[in-house]
Amino acid sequence: MGSTEPTQRPLRLAILEADTPIPSVLAKYGPYGSVFANLFRQACAPEPLESQLELSSHDIVHDLDSYPDPETLDAVLITGSKHSAFEYDEWIVRLVAYTKRLLEQPAREDGRAPVRVIGVCFGHQIIGRAMGAPVGRSDRGWELSVIDMALTDEGKRIFGGETLKIHHMHRDIIFEYPKGTIPLAHTAVCATQAMYIPKRMIALQGHPEFTEDMVRAILEMRHDGGIIPDGVFEDAMGRVADAHDGVAIARAFLKFLRE
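Read left to right, the sequence shown gives residues 2 to 260 (the numbering used here).
No false leads were slipped in.
Quick list of the computed label-pair ranges, beta carbon to beta carbon:
1) Leu255 / Gly137: 29 to 35 angstroms
2) Phe176 / Pro47: 40 to 46 angstroms
3) Gln43 / Ser139: 29 to 35 angstroms
The set of hints was computed from the structure by calculation and includes no laboratory data. Note that the coordinates shown come from a computational prediction; the quantities given were computed from them, not determined experimentally. All residues carry an ideal CB built from backbone N, CA and C; glycine is no exception.
Build the full structure now, drawing on both the sequences and the hints.
In structure tokens form, the structure reads like this:
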């Protein structure tokens with residue numbers, strides 16, 4: 002009688018939506034939960050997404066009671082946001098407290114591992130704040146569009162390459178890596194691009210979920226609104242169509258979730 006390999010159950014990943022996409026992106030791609038679902042669908046291929054992840058989405062900005070019970074989860078992902086992670090709006094303070102709770106969670110009574118945490122851009126900064134790192138506005142200005150990041154040795158191992166290209170949309174940063182984290186990447190503008198704690202947390206300043214048309218639309222809107230200056234805008238638009246490693250980063254997230 003033949004034998005088959007044991008099937009891994011889908012991991013329960015809650016996406017904490019810290020913003021709503023701008024109208025044109027929302028109309029085409031849906032809320033950020035859908036944007037990340039599309040990214041993970043590509044990363045899971047040729048296997049179906051549903052065989053690897055059981056996704057749920059939670060609007061933590063407009064529904065302060067939408068946080069999922071950690072006992073029902075394997076992991077959470079905190080999305081990017083137009084808001085600043087160092088602010089003291091009630092929903093941001095609650096998010097920091099929830100994140101801190103997850104990161105400090107001991108092994109569960111049934112032997113399951115603590116809930117793992119993934120942070121993207123704003124989410125990366127929220128994790129930094131929850132772990133005691135200073136967060137604020139960089140005096141080096143914006144990082145926009147596709148950026149080539151240098152990787153540490155551990156970063157090369159996790160992401161599977163010598164460098165990493167990823168869309169950026171930020172001028173807020175964490176000023177130093179929190180104690181106990183492993184640095185993964187840096188750029189000339191931001192020394193704290195990505196960090197990691199085995200089996201607990203992975204976070205990065207860029208946006209693996211962004212596509213060229215998403216970034217183009219956001220850049221144009223913020224430029225038209227006077228948020229992004231002309232020269233910075235033109236430089237970013239010159240790189241917006243460059244190839245990037247978003248799907249490879251999502252595959253690294255999946256490996257992290259299975260560590």
